[in-house]
Amino acid sequence: MKKLIVSCFLLVGAASVSMGQNYKFGKVSEEEIEEKQHPLEPDAAAAYLFKERSSYFTYYNGEIKLITEIQERVKIYNKDGFDYATETVYLRDGSEGADVVSGLKAVTYTMVDGKIEETKLEKDGIFKEEISKGRIKETFTLPNIKEGCVVEYKYRITSPYYFYIPEYRFQLGVPIKRLESSFSAPEYFKFKPLFKGYMPVRPEVDKVSSQIVDGYNLVEKYELDNVPSMKGEAFVDNIDNYRSSVYYELNQIEIPGSYYKSYSHNWNDVTKSIYGYSSFGDELKKTGYFEDELNPLIAATSNPQERIAIIFNFVKQKMNWNEYVGYGCSDGVRKAFKEGVGNVAEINLMMTSMMRFAGITANPVLVSTKSNGIPLYPTSDGFNYVICGIELNEGIVLLDATEKFALPNILPHRVLNWNGRMIRENGSSVEVDMTPAMSSKEVMNMQVKIDPQGAIDGKLRRQVTDHLAYEFRSNYFNVDNEEYLEKLENRYLGIEVDEYQLDDMENLGKPITETYSFHKDTGVEFIDGKIYVSPLFFLTDSENPLKLDKREFPLDFVYPKQDRFMINIGLPEGYKIETLPESAALSLPDNLGKFTYVLKSAGNNVQVMVTSEINTDIVPALYYDALKEYFNQVIKKQSEKLVLIKA
Amino acid sequence: MKNFTSSVMILFIAMSSVLYGQEKSVYQSLSMNAELIKNSNALVRYEKMEVDMKSIRDMEMKQVRVITVLNEEGLDDLKPYVHYNNGIKVKDIQMLIFDRTGEEVNKFKKKDFKDVSAVSGGTLYSDSRVLYLDYTPVSYPFTVEFSYEIATDNSAILPSWSFLSGYNLSTEESHYIVHYDPNETSLRIKESRLEGYDIHKEESEGYLAYSGKNLEAIKKEDLAPAFSKIVPRVEVVPKRFFYEGYEGDVSDWNEFGKWMYTRILSGRQELPPATIATVTALVKGVDDDYEKAKIIYKYVQENTRYISVQVGIGGMQPIAAIDVDKVKYGDCKGLSNYTMALLRAVGVESYYTHVEAGQSIDSFHAEFPSLAQGNHIILAIPYKDEMLWVDCTSQSLPFNFVGDFTDNRRVCVIKPDGGEIMTTPSYLDENNYKLTKANYVIQDDGSISGEIDMTSNGIAYDNAYYVEDSDDEYVNRYYKEYYWKYMNGLQIDSYSFKNDKDKIEFKEHLKVEVRNYANKSGEQLLIMPNAFDRYRSIPDRYRSRKLPFQVERGFKEEDEFIITLPEKYTMPTLPGAVSIANKFGEYHLTMEMNEDGKLIMKRSLLIRHGEYEKDDYDDFRDFCKKVAQYDVSKIVLKQTDKT
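Line by line, the protein sequences give chains E and G. Be aware that the first sequence starts at 1, since it is given in our numbering, and climbs by one per residue. Be aware that the second sequence starts at 1, since it is given in our numbering, and climbs by one per residue.
Check the hints yourself; a few may be wrong.
Result set (DSSO-like, lysine-lysine): computed pairs, CA atoms no more than 27 Å apart in a straight line [as the list claims (entries may be wrong)]:
(1) E/K576 - G/K326
(2) G/K326 - E/K520
(3) G/K326 - E/K128
(4) G/K625 - E/K449
(5) G/K480 - E/K79
(6) E/K628 - G/K511
(7) G/K520 - E/K628
(8) G/K79 - E/K404
Please keep in mind that the hints were generated in silico from the structure rather than gathered at the bench.
Here chain G stands alone, though its shape is the one from the complex:
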């Protein structure tokens, strides 16, 4: 959505047409390596990407992929398409189909491919297009040879290479080759996780090649790191390159930043005098840069909206501030650049910042600059000794709070004198805090009614604050179908919210009733005292876990419930206090009667962020399971005799 490099990233998936004319055994699917079939829906039998940088302004890429599809699920791995745009020309594309014995049974040429717009839902306009083949197989297994060839004059981004390209997909043989002119440029290379695989590298002047063999398929598992973080991968960038009319020569982030600043950003922050006058008036009498920046951020939030339009330099250059000022909309680049211009107009410095955004944390390589990293722009504002961060595409986030979209990751901050790798603020463990206080009454018939107050900070704030702007229907849905999904007879009598953007704290106050809450068994009433804050996400069990796992952020919850018990029942026997502490977190639960005869339930749960080996998985799951079980602890009330 907020993808400023979408048209460039495309190069990754794309390549071109030398036919694989070697031994024919890869076309048949009667006999295949049993280890590669395990957990597989498809096998890449042979794959080669060949990048030919004739010069930094003339690059051709050819890819051929022979893939055997074992069943219908494996059809998704065929990927018989090439993305292109105004800067990429598809010279050739074709697909051949082979039956089980390796006999060619069908052939599709360029004219058989459909040519359609590849604009995603959130984008208003982009020149991104895709050529794809709509193929329906006749039987399984079958084998396909898909090949294409594309040309571009942009050499800033070379395709990266993962020797495995998806879950449940194995690779028999894979090659990645780059030819370049050593007099013109050199290559910078980033290798990740190649150890432990049959992957070889070959390098000589003007030539780089990797080849991999027999990589087994990986099965998807709960809480595992992102696929791109578990597979072997090679990224390559030319030191000197050409990009949409601009030449670059970059060997570190500092130079990269300098290039971005002078070539792509400079001269785009001009504003009309009227706007300068408006914002100057807004900050009149304010001296502190923090306060000034906050006022400007609010002005941007109230006066612009996010619209993705991918035009201009391959989706890399922001629309000039003066144009955003006119139409009052823009994408992440345009809005960030506009905000930067407004800040400059009131004397506050700020830096345009490349980031890889997404709920799953993805950091820039500290030592490996490239245009391929990053899919979003935020602003960094230096203030005293710290850095403030804002996302200009949001109309609702508080100032200096970026939420889980861009938190805790290395980003490239572009300063006039060069780029710098910095880390955005992290929200971890206790920072993501939710306090729930409830005061409720259990009626004789087992229904309950009461009031609840919740206070959220950090990512818990990020997860909750948006209900404030939602309509009544949505608010009801949020609580009934999502937040307290487990309660069937829930009735929301009233609600109110308080969003404190300065403290970054969200408060919810609700009055609720729950019919049939307690369970009647004969003359007994079975009650779960923890009505309003239950931990329910037990990760799936695996017969044998293969992948490591992670908790990216962690959180802490504290609860205090005051419960009035029904009158016609005897005092219950209360369960003993529970206290669990281990490396994954802590859990404490107590239930006591107070002097007024009310049941007081206190609970706290801390789940720490962390990265763990697969051997810890069962223990972690066990911890989650125990917490979930204690969260539904029951007490039994007996009817006093009926006399």
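With the rest of the complex left out, here is chain E:
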């Protein structure tokens, strides 16, 4: 008899809905087919009425196999839910053998003249293809799908890859009425469950005598009722970070008296086991391949700071990233160095060992990219990227040589994801915050003269630093001048740009500076003989990026930013100020950001000074309302007009 667990997350009033349902395969009820909408989420296009998975081990003829049995019953409410009539299974076919799907049964249930009609899946609805070497995709789609139908299927996957347990996902894009999952492994295999997501889920753990070893199997069971759906939102770094799931990582195999192998269960183990991988530790030790080229370069100085700069630039210049991620080398550092092409590990481990060779204390820092999610627990599988960290008295300096425009502590955006882990040779490790400590800055100085016909002419100087400069270089380095100017002119509401000058595009250590003059025929508005001027002209923000009423997930601003605009407006001859907008200051709670707006008139000029800051990368959803209102106020303030009348 299965017991109910996870008392911490049951929706009020919904717990009993699924009681009394029969989830045996084929026992679909008339009520299920006749249900018109989901009782808790009327907008749902489909719902899992029942979702069952059990994974366990078998041992036969000296081979261990992982068996995964799936049984699912899906209700399709409307056309948008038709995708749920198609199930795709990804399989491996590699050195250990192939995953095999068997026992596939699938049926569609519809109501015809008050009776349940069953349509079975036949062979022509099953498709198998090799996506690439070692990766197979098996897809089946059910027949006779109509709005309101219920589909049900079950199948078994037999896999020789028992050390890799596919993730258990407890929360999906549609609601789940009843979920039952279990994982059972012989006691000799120690798996560690790694939990993720907003909705807390914990298993009930049981010991059952084992059929395949002398001892017991550890069985972890999950039973959930009425799991709400979770869909993506704009500005979310990665929705899978918030969906509840569990991933079982193999930590250790111990067969008493005959076999022992440890993987990882604390950070020291993780560090040790990663250093133990030949594609990592061994590659990091190699130095012979670069010594001849590096020696003359570092001989020029013994200053550690200078050496760091020399090596970083050397690797960036020499190496070209092939866009593969991973913390393990693929072809090895030697070949990568020779060809000038490598994956993330080859490039950054190479740089780390060069640093060490030059007497710098450098260590690999494991990172999980934004698309890979967040590693919250000691695990080697949670990371998919490695950079180089150097410990100086002033703090840790992070380097990633895969991008030509990267700088110390200015890393590509893909790695700006929560925390990394610096792993040292001695087995110790330390968490490293990937959030950029410094705000990236944008400073604009603008002189603008309004003529009595409403045209504006002026000069603008714009300087950007850090990540803003990195982005600018990455976006525009290969764009020719004329094309860039057209983009600039169109972005700024059709101004005409002249005398354009760009400084320090290639001088990475410096901010980028653009200067130009501009002209616009209609830069202000005439209403009833008065002139209405937007004090920020074409730099005015007019659209709030946050428009929806509520938000469930944190907002990702990628890095902290500071803008400062200084605008000097020369009024047209024969006009004087009728209304000067009031100065203002706004701030977000907990120093998350602030906005100041100051206007001053001096003779025939008006000076406008604007600063705006967002001081963090990720803003928790609880600040959403405050943030939305803040942007509203910022936009409202900027939209206030400076009104001029004839003197």
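Add chain G to chain E, keeping to what the hints say.
For chain G alone, coordinates are given in the frame of chain E:
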């Protein structure tokens, strides 16, 4: 997505391996033609496609392409891949890399290429595969020689040849050659836009060759026709051909249709008696073919779904109706053929129709039949003197409305006695009509609240009707983040829709509030009366426009807003009436106070469809700009004295 020829089209991109062993100058990138570098991310230095039709059942194609990549953007032009499937064999493939001086620095052979499935997201299954090389350059510029050789026994489709193959890519030298056996077949040739280029043709018995030199790169510009419509292009089709077990001999669309009908379609419309009984019962008592067809179309929409499965005759033959009837899904071919079978069962004739679908209008060549044209199937239903059209892959389109996916283009209608080129219905100018009526109140604090009614027809219907089936979250997003994106404090209090599929008319009714709508400057309130229908798409400005431009469909909008002004303010001075009329369209705007003291704003905007020369571009842009400016015309209200 709805690509029934995907596996065949592949031939276009593919070819094979004679190495270019001539003068070495094309491998170096120290000195290149300056005119060809302008606007270029890469240069095709030398390119040759050689098609060798040994017989109509045995065809080999070899392509070699030497390309110099100038910067990272140009990497996309390398295209180091070949598509293949069960009907195409890749005999050889290789890539050589040369440095700036023309020295060979790297060589990749077939084993270095990755072999992966080339199935696109919307397709459930296809045998389409691709061999590609994952190459990371070490420095720029560099030069690549990519070559391959493929063989197939299908000769219905030869690669077409554009002497320029993408934006920001120039061509120094390009050759296209076809060898064939004149005793077995002849070639039909379609040349487009070759004039004005250094392109030469050579022809003799069993031999056809084109060569082009020094074609400068083209930069992408707003509103320009599709790339394939602006570059020089040659299409070639053998009169006699072999296709997946069937021989064909086609010299016009009529013969093409006959061949399709007898070889590919015939015998695939059988239905089980139970289904025939069901649909016969559905149309019982209905005599009119229009009404019958409408009932059958609805039955198909309610009982089937679209799934793309590219198997069987190179993706050309529909799954038999009896199989679609069993599983209740199919791709465009299967669903169209199934609908045709159902219609036949109730005595309504209909024709399977090849079309090149897509939002950008693409027509079949009237005089040049080929299997390469068309990527989708719709049905044509003759009714009295007209033709009705339906797209059987949509579960929501109204009967006899194809929307902007297949409108206004030449298609091949396949009748039992042969094919016929016909044109699908067009939705132009006033046909694409949207009427917006609003009645709203401006509060003293500058916020507004009111009701809006919108009525859409034609393509405006097509652009709007789907919100009806969307969930609440999507509907909110649609208005807040897309339709009225420019309004920051928008609150949707309620909405309702009415979709009249008979009139093809969609109505939206909304109650909204907008906080901080009007702008306060001191004691003045600045208001844009046009809150709900603003024209905002001003095309980009170019320092010197190079390409012609087009408005493919055009549209008309009419608006009438009744605005209640806040009480504590004086009557505004209203801007004078605006009226603009030119060849691009018309715009009229008036604001008046009515006897009840309400502000009445009336607006109409017509943008006509048309094709224009580049010299008209600035005027067109100016028109758009003016409309956008007048659409945000402001009035000023002053607070009455505070006494």
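Next item on the list: Would you mind confirming whether the straight-line C-alpha gap from G/K326 to E/K520 stays at or under 27 Å?
Entry: Violated, at about 66 Å.
Checklist line | Pairwise hint evaluation, E/K79 against G/K480, where the allowed Cα distance is 27 Å at most | finding: holds (24 Å)
Item checked: Pair hint outcome, G/K625 versus E/K449 [Cα-Cα no greater than 27 Å] -> holds (23 Å)
Check: Between E/K576 and G/K326, does the CA-CA distance stay at or below 27 Å?
Finding: violated (80 Å)
Item checked: Restraint check for G/K520 with E/K628, where alpha carbons must lie at most 27 Å apart -> Cα-Cα ~20 Å, so holds.
Margin query: Can you confirm whether the C-alpha distance between E/K628 and G/K511 stays at or below 27 Å?
Written below: Judged against 27 Å, a Cα distance of about 22 Å means the pair holds.
Notebook entry, point to check: Does the structure keep G/K79 and E/K404 at a Cα separation of 27 Å or less?
Noted result: Status holds; Cα separation ~24 Å.
Notebook entry, point to check: If you draw a straight line from the CA of G/K326 to the CA of E/K128, is it 27 Å or shorter?
Noted result: Within the cut-off at roughly 21 Å; holds.
Checked against the numbered hints above, the structure breaks hints 1 and 2 and satisfies the rest.
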